[in-house]
Amino acid sequence: MSDLLYTEEEDALRSAVRDLLADHCDAASVLARVETDEPHDRALWKSLTEGMGLAGLLVPEEVGGQGATHREVAVVLEELGRSVAPVPYLTSAVVATEALLDCAGDEASTLLAALASGRTVGVLTVPLSAAPGQAFDGVRAEGGRLDGRVTGVADAAAADVLLVPTSSGLYAVGVGVDGVTVEPQTSLDRTRPLATVTFAGAPARVLTDNAVPAVRRALRAGAGLLASEQLGVADWCLTETVRYTRERHQFNRPVGSFQALKHRLAQVWLEVVGTRAAARSAADTLAAGSDDVDVAVAVAQSYAGPAAVHAAEEALQLHGGIGMTWEHPVHLYLKRAKADSIALGTAGRHREELAELVDLRAP
Amino acid sequence: MTDAAELRRRTEELLAAHPPRSTDRSDFLKARFDAGLAWVHFPEGLGGLGLPRSLQAVVDAELAAAGAPDNEPRRIGIGLGMAAPTILGFGTDEQKRRFLRPLWVGEEVWCQLFSEPGAGSDLAALGTRAVRDEASGDWVVDGQKVWTSGAHNARWAILIARTDPDVPKHRGITYFVCDMTDPGVEVRPLRQITGEAEFNEVFLTGVRIPDAHRLGAVGDGWKVAQTTLMNERVSIGGSRIPREGGMIATLAKTWRERPELRTHDTHQRLLKLWVEAEVARLTGERLRQQLVAGQPGPEGSGMKLNFARLNQEITGLELELLGEDGLLYDDWTMRRPALVDFMGRDAGYRYLRAKGNSIEGGTSEVLLNIVAERVLGLPSEPRTDKDVAWKDLAR
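Protein chains in written order, with our numbering: chain V, 1 to 363; chain E, 364 to 758.
This is chain V alone, in the form it adopts within the complex (with noise of 0.2 Å):
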């Protein structure tokens, strides 16, 4: 049975990164930065990484990161999650690094050892709406040259480096060189900003032979630990919704004193509570290599996505009017929640995953 609580070394990691976090990554900051041309929070980054070392937590020592597992990478992504980070840490110090984690070789040794330091950005170029397990098609390798568009992907706009499936293997390509062209979509959560890429005779280097269990390998480890992350998202709207209830007063009570919205954030308790048991399980299997972690990955995903949009719902509604606001930062959670509902497969897409994998099969 897997270990559900967290070490005592797990509380001061979340400690550390939430301090940081409370001094640079505050609501109002984020807020001004996604109305930028620069979303990615750059300075915050690099305390994160160069400061912590936080992005090669997945990575051995002998690589250069710092050899400890996906239990910890769980604890900075509920912080992430909680203060909605605009920082690429899921997309290149989880699913790019799992790629790379997957592939032999001098070359993705590297380029490890360049996401562990956080001084190179990778991002595994597939939409961000990917399930474990697709197929990816959008781009062809001929003579170490790529030529495709890939929609969708997340971070690449603050990507060093890209991390291209083709049918042919998995290839690495830096952003800056000609016939790579990455233009940035409008998105709806834009702490996590979307792009498209194109390379029209991009050269790139072979990674390994076969994306598949590479691809599978990053999207799987990305979505179980996204429920980490979904986690402290769900955690903030129900923490900042109980303070803003209990001193918001109308009808001369406080407004949380009503049965009405009691319940509804009881409810959503209980599914935060649900969501810390799925998602310290789906981080214990992965952190273990035991078996059971496609069917831990899939409860996880398929339960704390809906949690967590359910949470910043609940919470623009017990706002009341100040939640429509755009000053006010819980739009930012439910744009979160809803993007991450989508991101690295639904609820549903998780479901019927399960449904092969427990023997429960559709008509």
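What the hints contain is simulated information worked out from the structure, not anything from laboratory work. Beta carbons: idealized from backbone N, C-alpha and C, even for Gly. Hints are not guaranteed to be accurate.
[Claimed, not checked] When the alpha-carbon atoms are kept at most 25 Å apart in a straight line, the in silico DSS-like pairs for lysine-lysine are as follows:
| hint | chain 1 | residue 1 | chain 2 | residue 2 |
| --- | --- | --- | --- | --- |
| 1 | E | K635 | E | K616 |
| 2 | E | K749 | E | K586 |
| 3 | E | K635 | V | K338 |
| 4 | E | K754 | E | K586 |
| 5 | E | K635 | E | K718 |
| 6 | V | K335 | E | K749 |
[Said to hold, decoys possible] Covered by chain V, per the in silico footprint, the following chain E stretches (three or more residues, Cβ under 8 Å):
| hint | region |
| --- | --- |
| 7 | 433 to 445 |
| 8 | 504 to 516 |
| 9 | 568 to 574 |
| 10 | 651 to 664 |
[What the hints assert, rightly or not] Quick list of the computed label-pair ranges, beta carbon to beta carbon:
| hint | chain 1 | residue 1 | chain 2 | residue 2 | range |
| --- | --- | --- | --- | --- | --- |
| 11 | V | P363 | E | L690 | 14 to 24 Å |
| 12 | V | A43 | E | E620 | 30 to 40 Å |
| 13 | E | D688 | V | R149 | 47 to 57 Å |
| 14 | V | D137 | E | Q631 | 28 to 38 Å |
| 15 | V | A104 | E | E376 | 57 to 67 Å |
| 16 | E | R737 | V | K46 | 35 to 45 Å |
| 17 | V | P184 | E | R416 | 31 to 41 Å |
| 18 | E | A575 | V | Q317 | 13 to 23 Å |
| 19 | V | D11 | E | T386 | 29 to 39 Å |
Could you slot chain E onto chain V? The hints should help.
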């Protein structure tokens, strides 16, 4: 005497002195109680050894492996789960000595006389009166209780009654042990929507209770009852189950064995419930790990809410999935079962019985209030009954 090895040694000693194969069941259970292996977290001399509760598993595993008889915990659940912790917490030494051993070995079955027709969620409004007979010192009890599981098999009851109507409702209640063989106790079956009668109405007319059977101080009954009720809620939602255990198991089995019943709509709902049951299981497992690690969290408050809703939704879907068979019912005969047996009956029974899960032991609405106020710290509703004497309340 602190570690599991020592506990194992004591268990082996018990098994050697009273081989389960050749020992009478009741004698074995009494010997186990006297050896302190009944509930190891209870004090020495009262069936325990004053050890952490988590060590009970060591004893249980050894005894199960040896094929020793148990005390049929489900049959005596009210005694074990509610009466015993309350007697331990508030009883006199004499009461502990008198009641705990026959309770644990199952010689004396207990029931709970709390709810009344006019006091359900607002239990503290109860109106059953206990009046002191100054001559004998006894208490004389008159009133009506309801939803009393197992009253027809019970030797004793835990009872709360009003001893002072002139103070606000929470303050005028006293907690007693009531002798169910008293001639003033009348038990009538209360037939429920399943056709059977697990519950009873209990009419109390001039029932005499010696003052020695009072638990806690006069007027402190509400505080004492909180111990009973907290234990009830823990026991309802707290047991450990394997993946796809509990109610979802039957539904999943039907799904696998009867492919002709499957539709796309029921498939979506099945998968959703399967996931929710698995998440509820993980939540319970996380709670258990917290308890073992000595860091109890507030998650326990939510377990019964999850359990009630899931049982209802799963059994509702099961009946619908069965289609034509879901229109039938196994047996409407009026019976008075000693246990609730979800698995021994058909889907229709499960569906109807599960409706009680969100009412018994605290309605889901009251539990949501408890989560909101005690876990989240939201303010309580304004109250109109707080400083009003019980006799002046609207009813």
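Now the hints, each set against the structure:
1. About 16 Å separates the Cα atoms of E/K635 and E/K616, which keeps this hinted pair within 25 Å; it holds.
2. This hinted pair checks out: E/K749 and E/K586 have alpha carbons roughly 16 Å apart, not beyond 25 Å.
3. A threshold of 25 Å between alpha carbons decides the hint, and for E/K635 with V/K338 the separation of about 19 Å falls inside it, so the pair holds.
4. Restraint check for E/K754 and E/K586: satisfied, since their Cα atoms lie roughly 20 Å apart, inside the 25 Å limit.
5. Distance restraint check for E/K635 and E/K718: the Cα-Cα separation of roughly 20 Å lies within the 25 Å cut-off, and the hinted pair is therefore satisfied.
6. Our distance criterion of 25 Å between C-alpha atoms is broken by V/K335 and E/K749, whose separation comes to about 44 Å.
7. Only residues whose beta carbon comes within less than 8 Å of a beta carbon in chain V count, and the region 433 to 445 of chain E has 0; fewer than three means the coverage is violated.
8. Check on the region 504 to 516 of chain E: 0 of its residues sit with their Cβ under 8 Å from a Cβ of chain V, so the three-residue criterion for coverage is violated.
9. With a threshold of 8 Å between beta carbons, the proposed coverage of the region 568 to 574 of chain E by chain V is violated, since 0 of its residues qualify and at least three are required.
10. Counting residues of the region 651 to 664 of chain E whose CB lies closer than 8 Å to any CB of chain V gives 5, so the stated coverage by that chain holds, three being the minimum.
11. Judged by the Cβ atoms, the range 14 to 24 Å given for V/P363 and E/L690 holds: they are separated by roughly 21 Å.
12. Separated by about 60 Å at the C-beta atoms, V/A43 and E/E620 break the suggested range of 30 to 40 Å.
13. One distance hint, 47 to 57 Å for the beta-carbon pair E/D688 and V/R149, holds here, with the actual separation near 54 Å.
14. At about 29 Å, the beta-carbon gap between V/D137 and E/Q631 stays in the expected band of 28 to 38 Å.
15. Checked against the given bound of 57 to 67 Å, the beta carbons of V/A104 and E/E376, roughly 59 Å apart, stay inside it.
16. Separated by about 43 Å at the C-beta atoms, E/R737 and V/K46 satisfy the suggested range of 35 to 45 Å.
17. Between V/P184 and E/R416 the beta carbon distance is about 58 Å. The supplied range of 31 to 41 Å is therefore violated.
18. About 57 Å separates the C-beta atoms of E/A575 and V/Q317, a value inconsistent with the hinted range of 13 to 23 Å.
19. At roughly 50 Å, the beta-carbon separation of V/D11 and E/T386 lies outside the given 29 to 39 Å, and the hint is violated.
Checked against the numbered hints listed earlier, the structure breaks hints 6, 7, 8, 9, 12, 17, 18 and 19; every other hint is satisfied.
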